[in-house]
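Peer 1: Here are the chains, one letter per residue:
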Amino acid sequence: MEIYHYLLYYFENSPTIIQIVWIASCVLFISILILIVYLKYLRSGLRKNEKTVIEYQKEYESDLITYLYAGNEEAEISAEQQAIIDKLKSCASDEFKRRIIVSTLLRLRNEISGEMADAIQKLYFQSGLISYALKRLKNDKWYVVAKGIRELTQLHVKEVHDKIVTLVNHPKKEIRKEVLLYLVTLFHFDGLKFLDLLQTQLSEWDQIQLLEVLQRFDEQEIPDINQWLKSTNESVVAFSLKLAKIYNQFEVKDALIALLSHPQKNIRIDAIHVLNHLQVYEAKPILKNNFDNLSQEEQIKFFKLLENLSEISDEHFLLAHTTHQNFEIKLLALKILKTLVVEKFKSMKDFSTDADYVKIYEYLAYN
Amino acid sequence: MNTSTVQIILIIIHSLFFIYAFFAIASYVILAIISTIETIEYVKKNSFVNYKEILSSTISPSISIIAPAYNESLNIIENVRSLLSSHYVNYDVIIVNDGSKDDSLEKLIAAYSLVKVNFLINQQILTKPIRAGVFKSTNPAFEKLTVVDKENGGKADALNMGLNISNNKYVACIDVDCLLLENALQKMVKPFLEVTEEKVIATGGVIRIANSCIIKDGKLLDVNLPKKLIVQSQILEYLRAFLLGRMAWSRLNGLLVISGAFGLFDKKTAIEVGGYDTNTVGEDMEIIVRMRRHMEEINEKYKVAYIPDPLCWTEAPDNYKILISQRNRWTRGTIETLRKHRKIGFNKKYKSLGMLSYPYWLFFERLAPIIEVVGIVYFVILMMLNEVRWDYTIAFIILAYFFTVLFSIVAIFSEELTYHQYKKKGTGFKLILISALEPFVLHLFILYAAIRGNFDYYFNKKKKWGEMTRKGMAKAENN
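Top line first, the protein sequences correspond to chains A and B.
In terms of the numbering used here, the first sequence is residues 1 to 367.
In terms of the numbering used here, the second sequence is residues 368 to 846.
Each hint should be verified, as a subset may be incorrect.
Stated by the list, open to error - Distance windows between CB atoms, simulated:
| # | chain 1 | residue 1 | chain 2 | residue 2 | range |
| --- | --- | --- | --- | --- | --- |
| 1 | B | 518 | A | 328 | 22 to 30 Å |
| 2 | A | 222 | B | 490 | 51 to 59 Å |
| 3 | B | 490 | A | 24 | 58 to 66 Å |
| 4 | B | 418 | A | 34 | 30 to 38 Å |
| 5 | A | 10 | B | 379 | 50 to 58 Å |
| 6 | A | 156 | B | 491 | 30 to 38 Å |
As the list claims (entries may be wrong) - Derived EDC-like pairs: lysine to aspartate or glutamate, alpha-carbon spacing no greater than 16 Å straight-line:
| # | chain 1 | residue 1 | chain 2 | residue 2 |
| --- | --- | --- | --- | --- |
| 7 | B | 411 | A | 140 |
| 8 | B | 536 | A | 297 |
| 9 | B | 419 | A | 314 |
| 10 | A | 172 | B | 783 |
| 11 | A | 173 | B | 783 |
| 12 | B | 635 | A | 282 |
| 13 | A | 172 | B | 685 |
| 14 | A | 338 | A | 362 |
| 15 | B | 536 | A | 328 |
| 16 | A | 40 | B | 783 |
| 17 | A | 40 | B | 565 |
| 18 | B | 635 | A | 297 |
In short, the hints are calculated from the structure, not lab data.
Since the model is a prediction, treat every value here as computed from it, not as a measurement.
Even glycine gets a Cβ: it sits at the ideal position worked out from N, Cα and C.
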């Protein structure tokens, strides 16, 4: 009691700043104690959670397998299946359990195909899980909406197409990305119609993901990409160039040639790359005549195109660039010359005393 | 001077100390709040990203992992195996043997069936010459591996050689003894591919401490808390720095340093600025500052991104001698970089780089240890003069101590809520205990190392890199 009174007396008679410091220290000390207790609770909770998740996963997996094998030919849904549907319905009202059910459904769906996969999708509808995913689409939090779309994509729910397509230009890029993946995963090349509507930029990451999804389907007829190559949205043009390359769209060569004068350098570079891939000879004179006005990256791309499309008539052009200041252009010019007119190449050993030239020449001579 | 003048001077000195401490604490709190927001946002954004699609895609951008090696014979085979086990498709590994005096090269040749090849190098950055040559494997299983043996020129010089050799768009510069998780490259490359409004010039990753972790065949199997207090304290220090500091700087686009242990760079920009500076011991910080400065000067929008996922695990010093040597080097690196780029400081032309990042580093990283030591010396003088107000002293020391402990606990919280790497029972309590002890077992040594770093910078110019004796993560398998 005496100590308490002493401390109280000391505190009351201390200068204001010291009083503030002691109050702050007490606040910090109490915060530390609270955090320690909460940390204990959090860590135990996380550990317990992990165990519970595993237990529920096992339980639901077993239910789902039973559901898949419990069907009979007479009734559409057997009594055993109905019992499982009812159980899942009641469990789905709990968010934690619902998350585990959906992830188990998805894992199973990815492992099986055919009728079994269809049965899982049917169960997704019957158990009412779909309604929770649809509710997510109306949520104010962007990540809830994005997760909802992802779930609908993974469970191949095509019925919500019209609702999803309205989100193509959503301000949050994570939602946009999920929308595009939904459209392409479920509607394949038809899903690419979003490119007509897209007002925002399609990132490289999005483009790679979409192309990866598209490459899973080889039976599809590729739509006409001409109009996308002329889009005012640069990322749509960049994406269409990738489509043209991957699907060898030789019929769009005129649009590709037109892109050589696109205002964006990256588009022009990609266009040269695709023209090279498709071996469009018509591009060569255009680029050759305009060579000095090209950026260095375009010039290098053009020389890479020449690696594939060079003819004997290009000899003088190549010769003129064997002493170009850029290492890569010098290398490509000499390399192409060696392939095209080996005698000429052999005679060029002392053509220049430039150190890079000598290094490149010696390298090519022995390789 | 009369008594009142002395009194005024003392009041000014005390006020300056108080203002400095107030702003330091305020900056830590603000950065911690921003970091937490950014980390939560990052975890939300990436909780449903499908990295498999990128890693299996052949159209994903190409990456070269550049790993300099100097006398790493003990673990070089396992380390290279770890680097070759990435799940990313479009990448290669360039090991630059920087004039090792041991049998690193011979071991690599034998283990990976290497043969010397004729290799044309575009010497865009000047480096020390090639010594034994460039080697590729005859075994198709190791086709991604290139080993370059060159004259010794230091880590920066070896990285520059890697930049010259690489034919890929991005380069991941890492320490050869680091353990990279299999999905590290696709996570690190993501910012480069998803940002459309500006150019991402580099991405940094969190460095985690691997001492006592179970590692087999280049893979991290189990995360353990090390037994030594010095290493445990560093774990806490890294958590604070990475989860409560760098994430905020990333959000503010003000990151001045990407750990030399693991960073991914846009190769074109790295070469445009001339590669790594071979005249500094802080080459990892210097190149970032130079790249940022270059982008500001050409007036192009850019970003240095940061990934909080635990992707790179490394061995931390487990004795005070090596720790002091490491921190001494970090201090000298910071001083060298800030001096070299002093033009940036408080220069409106460099926007937030000049008006926010540089001043912060100058005041709260570069000058902090000096001010702390000046404070201690001043306190000792006051004690000798019997001028100490003990009621003030005790109150402020307790406040500072509680703040330090609380800050560490918040870092532990951040870790638990995001990546929860230290799962074992009892580890939480140990971490709390470490946060209470760390100010005594680590901070004093770091302060000493920083002062030594300052001394060596000004009076011992010959001092370069300190020794880092590797015990080898392979040994951790037996722990």
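Peer 1: Take the hints in turn and mark each one as holding or not.
Peer 2: Results of checking the hints against the structure:
no., hint, result
1, 518/B - 328/A: 22 to 30 Å, "holds, 26 Å"
2, 222/A - 490/B: 51 to 59 Å, "violated, 44 Å"
3, 490/B - 24/A: 58 to 66 Å, "holds, 59 Å"
4, 418/B - 34/A: 30 to 38 Å, "holds, 37 Å"
5, 10/A - 379/B: 50 to 58 Å, "violated, 29 Å"
6, 156/A - 491/B: 30 to 38 Å, "violated, 50 Å"
7, 411/B - 140/A, "holds, 15 Å"
8, 536/B - 297/A, "holds, 13 Å"
9, 419/B - 314/A, "violated, 44 Å"
10, 172/A - 783/B, "violated, 28 Å"
11, 173/A - 783/B, "violated, 28 Å"
12, 635/B - 282/A, "violated, 31 Å"
13, 172/A - 685/B, "violated, 46 Å"
14, 338/A - 362/A, "holds, 12 Å"
15, 536/B - 328/A, "holds, 15 Å"
16, 40/A - 783/B, "holds, 11 Å"
17, 40/A - 565/B, "violated, 43 Å"
18, 635/B - 297/A, "holds, 11 Å"
Hints 2, 5, 6, 9, 10, 11, 12, 13, 17 from the list above are not met by this structure, while the remaining hints are.
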